[in-house]
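Residue numbers (numbering that gives the first Met the number 0), protein chains in the order written: chain W, 0 to 211; chain S, 0 to 211.
If you are wondering where the hints come from, they were derived from the structure by calculation, not from laboratory data. Backbone N, C-alpha and C define an ideal beta-carbon position, used for all residues, glycine too. Hints are not guaranteed to be accurate.
[Claimed, not checked] What the simulated footprint calls covered on chain S by chain W, stretch by stretch (three residues with Cβ under 8 Å from a Cβ of chain W suffice, anywhere in the stretch; the number is not a length):
| # | stretch |
| --- | --- |
| 1 | 11–19 |
| 2 | 22–32 |
| 3 | 99–107 |
| 4 | 137–148 |
| 5 | 193–205 |
Number of protein chains: 2
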Amino acid sequence: MKLYTYWRSSAAWRVRIALNLKNLSYQSAPVHLARGEQRSDAFRAVNPNAVVPALALDDGTVLTQSLAIIEYLEETYPLPALLPSEPRQRAKVRAAAQLIACDIHPINNLRVVEHLKSSLGRTPEDAAAWMHHWMRSGLEAYARSIDAAGRFSFGDAPTVADLCLIPQLYNARRWGLDLAGLERLAEIDAAAATLPAFQAAAATAQPDAEAS
Amino acid sequence: MKLYTYWRSSAAWRVRIALNLKNLSYQSAPVHLARGEQRSDAFRAVNPNAVVPALALDDGTVLTQSLAIIEYLEETYPLPALLPSEPRQRAKVRAAAQLIACDIHPINNLRVVEHLKSSLGRTPEDAAAWMHHWMRSGLEAYARSIDAAGRFSFGDAPTVADLCLIPQLYNARRWGLDLAGLERLAEIDAAAATLPAFQAAAATAQPDAEAS
């Protein structure tokens, strides 16, 4: 498998963790989002929609959208499971993942912030305030949606919710968000940081990582 | 089951279609988003995160996030199926659904547009341009991601992708988006409009619908 990725892409990062947790080897194909490589003809031939992640399977099928890719991996390589087995519990874990993937990340990603600055004439300070507003309210919602205790968001093993949380926390820190009151999330972050699958998936561990 | 809903909420609408297609009866509990009822203590007791849809099961469990709810319904009431059976095909359908649920809808929903106007001081015209930009690019991406033919986005029966598409097209028309070049999507919309499950789920068919 070949993963089209970018070191700081939260969505690609989620898939990297899933691949690592399931002990699947893959080739990393970096696409430099900040330089616009995703809009190149070469990458559009892989994913016409010009976003990462994209996972090229060995049969040539290209899968897109991080949560769809992770569901595919879960169905095809079931162990270790990234979702519980009981349907209501699965729904709660998926809802927490979607809180980040649908309610925080899309409003805060690079293309939206660039659009805010270029087309709506907002300043970098406006952009930072925008980021903080959605991250803070979204992470508070996430914290209300997970279990009150446990090493991870739901129980003592990582689920797809944690795969979304960890990159989002990196992003929150990068933008200087105050995480006061969200200590439970910081504890989960610390637990994840002890696992090799999360370590190897981290932004700064990628072959295309740059000095900040 | 009791569905907390709002007539114009795209996300609640997706769940209404799923419930109807699976022939599941439910009680409709309208929450007036435009008047802020989602922030009432009464509704926060149901969903602390103050968003619709929320589906209260008969055992009292409350499920949130439209795609997580639909996956729950799919796992619990498998027929008619809203996802194909083959994992790669399932991934493609889920990716198309997420293109709308994660890449278009969150950037265009009421709370984001209100924030754009109130906190960033943008005019209604700015808001409309914002809506059009993301809807148009997102719907073009969707059109590239689905099958080239068939009554629905993938084959001749509706999938979760269509459940996301139909409310998004209503929203696009409401905001006056030019759908030129997206005729395939308009054809799917017309096919859906012939099915009672889609008719009964439409915004204007809801008990809380208002004159536009």
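Here is what the structure says about each hint:
Counting residues of the stretch 11–19 of chain S whose C-beta lies closer than 8 Å to any C-beta of chain W gives 0; at least three are required, and the coverage claim is violated. Counting residues of the stretch 22–32 of chain S whose CB falls under 8 Å from any CB of chain W gives 0; the rule of at least 3 is not met. Three residues within the 8 Å Cβ limit are the bar, and the stretch 99–107 of chain S against chain W gives 6, so the coverage statement holds. Using a Cβ-Cβ cut-off of 8 Å, 3 residues of the stretch 137–148 of chain S lie near chain W, which meets the minimum of three, so the contact claim holds.
With 0 residues bearing a CB less than 8 Å from a CB of chain W, the stretch 193–205 of chain S misses the requirement of three and the coverage assertion fails.
Hints 1, 2, 5, counting from the list given before, are not met by this structure.
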